[in-house]
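From first to last, the protein sequence lines are chains A and B. Okay, so the first sequence: first residue is -13 according to this note's numbering, each after it adds one. Okay, so the second sequence: first residue is 133 according to this note's numbering, each after it adds one.
What the hints contain is simulated information worked out from the structure, not anything from laboratory work. Glycine included, C-beta positions come from ideal geometry on N, C-alpha and C. Warning: the hint list may mix true and false statements.
Quick partial rundown of chain B residues pointing at chain A, CB under 10 Å, derived from the structure [said to hold, decoys possible]:
hint, residue
1, L440
2, L521
3, V522
4, Q534
5, A608
6, Q631
7, R667
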Amino acid sequence: MRAARPALPEPACRPVRRAPETLHPALWLGHQWGRSAAAAAAIASGFARLDDQLPGGGWPRRCLSELLLPHPGIGEIRLLAPPLVAAQRAGRPVMIFDPPAALSARALARLGFDVEQLLIVNTRARLIPGSDSLWALEQALKSGHVGAVLAWLPPRLRADRLRRLQLASHNHDGAAFVLRELAAAGRPTASPLRLALQAAGADRLRLRLLKRRGPPLEAPLDIALPAVLSEAAARRTQGIREPALHEATFVNLA
Amino acid sequence: MLWIALHLPALSLESFMATLASEPQAAAQRPVALLEAHRIASANAAAQALGVKPGLKRATALALAPQIVLGQADAGRDATALLPVAHAALAFTPMVCLQPATTPGAACDTVLLEVQSSLRYFGGHERLLQRLHASLRPLGHVVRSASAATAQAAALLSRVASPPHCTDLATTRQALEVVPVWLLGPGREHWEALQGMGLRTLADLLALPRVGLARRFGEALLDEIDAALGRRPDPRDPIVLPATFESRLELFARADTTEQVQQGASVLLERLVLWLAAQHAFVRRFRLLMHHEGRGSQGERSPQASALDIALAEPSRDSAHLLVLLREHLARLQLPAPTLELALQADDITKRAPPNQELFPTTQGEREGLTRLIERLQARLGTDQVRRLVAVDDHRPEQASQAQALDGRAASGGSGGGRRAARSTAKHRRSLAGPMPEASHGEVGERPVWLLPVPEPLAEKGAGPLLEHRPLKLLAGPERIEAGWWDDALAERDYFIAQAPEGALVWIYRERWPLSTRASGGNAATVGGWFLHGRFG
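The shape of chain A in the complex, shown without the other chains (with noise of 0.2 Å):
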């Protein structure tokens, strides 16, 4: 028996033992990275230790990038002006939509942007019958002109209002920034990539990567921000941590 086993042919439908990924280029495994046909042109977010956990390595073209942050101000445009800076010094328009406040053109200019060539578009000013404000933002992601995109999301988004935006985000070539509120991480998206921001002391920002084309990222990501405070400014960061730490365990205590 042993003998006549060998003799029998190797099926001749086996599958061979090939990478998905190079079957196709939306086939890929668990445990690796996404490798989409866009991922290979991604961008760079300036930020090394960032770029190591995105898959391609970097901000993706043609689908949405979605960050949730508890609130406006805590380096999320120094954390997104490296992708958007490079599109405009590629001669290519950025689109602000819906900015919570005002921006400032001073600390605007500082981060490399060209002012002056900023787009910023308000669709919730006033009440556009019959149609719903991201009617814009699909517009211009469908139009394919526009270098890149920061769009601020109007709070408990629905589900298929973000999917159109993704579909639309196709044509779209470029970085697409979604910003919405951190409650929406219960939810589920459309977008391939979402991020969390948060902050993590003076000129740091804590990134916990919720969804991306590959293994899930269990450690949160802290990178450090272009610095805003002095270097003395920073070191009493370090020296007003101590009592911070004090005064907590001394409230545990009583």
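Knowing the structure of chain A, use the given hints to seat chain B on it.
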């Protein structure tokens, strides 16, 4: 000489269908007929399928097809509808004329154009005909074309069953032989006599002695035959393009909704585009006038006409783009009363070379696309909702950045920025020129990206400010900003960069209250204390 005749056999029916302001697909299924002196003059295919034929009485037609839409034939309306066809022809040659109608009172339905000198430019007779038909297609007319060496021959040949295209005189004369005699204008009067004599075609007439023909049927018949055969000069007056565009469309069914207005306006826009193409021009702004139904006693209160002005950032003659803009503007408009008549006016045009067609996307194509996108957004959201930031030299942070509505020229400026840079003052440019704008201004501290529109008062505990009931740590500062005594917006503040308990950096200030109370008249509730003014995003 090479003449092309464009004959529109169903012009009056088509010009009436345009006034119905309905979808083209729906219009094709709807039986429509035109009345002239209480008899059916023409009927469309849907009406003919129901048995409605030209010549029937009105009551008979209504009995056959109760749902039929009956309109009155209107020579003036037909003439208005024929004019865009002539304008389309003017894009190919300056010598365009209308063939006068054979029967008095009827509207002419044939446009003649002389193209001998344009053949080389347009790549030959075949290619020119193709392009001519392509440019007429948006108008939606049935167009039959014939070519001949003389104008009269082309007009005659365009009415025969299968119009030939003859390029020289010999073939033209040959083709004319089979033309029925009743197509000749004077021949129609003598139709019965000609028929009685067994003379059916032009060849039959030509076989007869000229003197006898002239005596029996008059000189006019011979003159027309000679003009067609090229034996007699046939001078024609070319039509002249009007300097400004104005076209009207009286709606048969009053338009209650903006969609119906838009359907009617799309007809007018196609006419506008052809008028522009005839003079190689692009429109900068146009105006749609809507004449409304008066409402009896309320007629005084409801306006009789409303106008919609549409200005373009980039001159255009793309009918699809113009229609999109018009749709966005119309969607925002509330019609005071049903619309009876539409008129489109345009006089602000610019003449220039047409843009190059590109195989691959280029920066210029992208810039044009962006301009159109911005135009669309402005049309829907309002002009002042698409803005750009302008840095202003002012120490007060709330004054240092101003959002300005994007005007048309700024939108088309693109990233080259030549025109835009020229418009912003030299001062602004200097402040943004280098990566470190404060180099020429002395030391200026860091500014946060986000500025609160109204500074938020902060609670205090001891001497320190609280944010969300937790103390803020002051990290850098103070930076004193004291400016604005000249424009009644005095700011006397000491700014600090502070760290919120969660770790993010905020920009807070303390009002220098003793001076402020003196300046603002002692409103103690708003002066003094800590304020949150910005966040470092």
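Structure-based check of all given hints:
Checking B:L440 against chain A: minimum C-beta separation of about 17 Å lies over 10 Å; hint violated. For the restraint placing B:L521 at the interface with chain A, the shortest Cβ-Cβ distance is roughly 5 Å, inside the 10 Å limit, so the hint holds. Below 10 Å, beta-carbon pairs count as interface contacts, and B:V522 has one with chain A at about 6 Å; its hint therefore holds. Interface restraint check for B:Q534: the shortest CB-CB distance to chain A comes to about 8 Å, inside 10 Å, so the restraint holds.
Of the supplied interface hints, the one on B:A608 holds, with its beta-carbon coming within about 4 Å of a beta-carbon of chain A, less than 10 Å. Hint on B:Q631 holds. Least Cβ distance to chain A is approximately 5 Å, under the 10 Å limit. Evaluation of the B:R667 hint against chain A yields a held restraint, the C-beta minimum of about 2 Å falling below 10 Å.
Figure legend: structure checked against the earlier numbered hints; the only hint not met is number 1.
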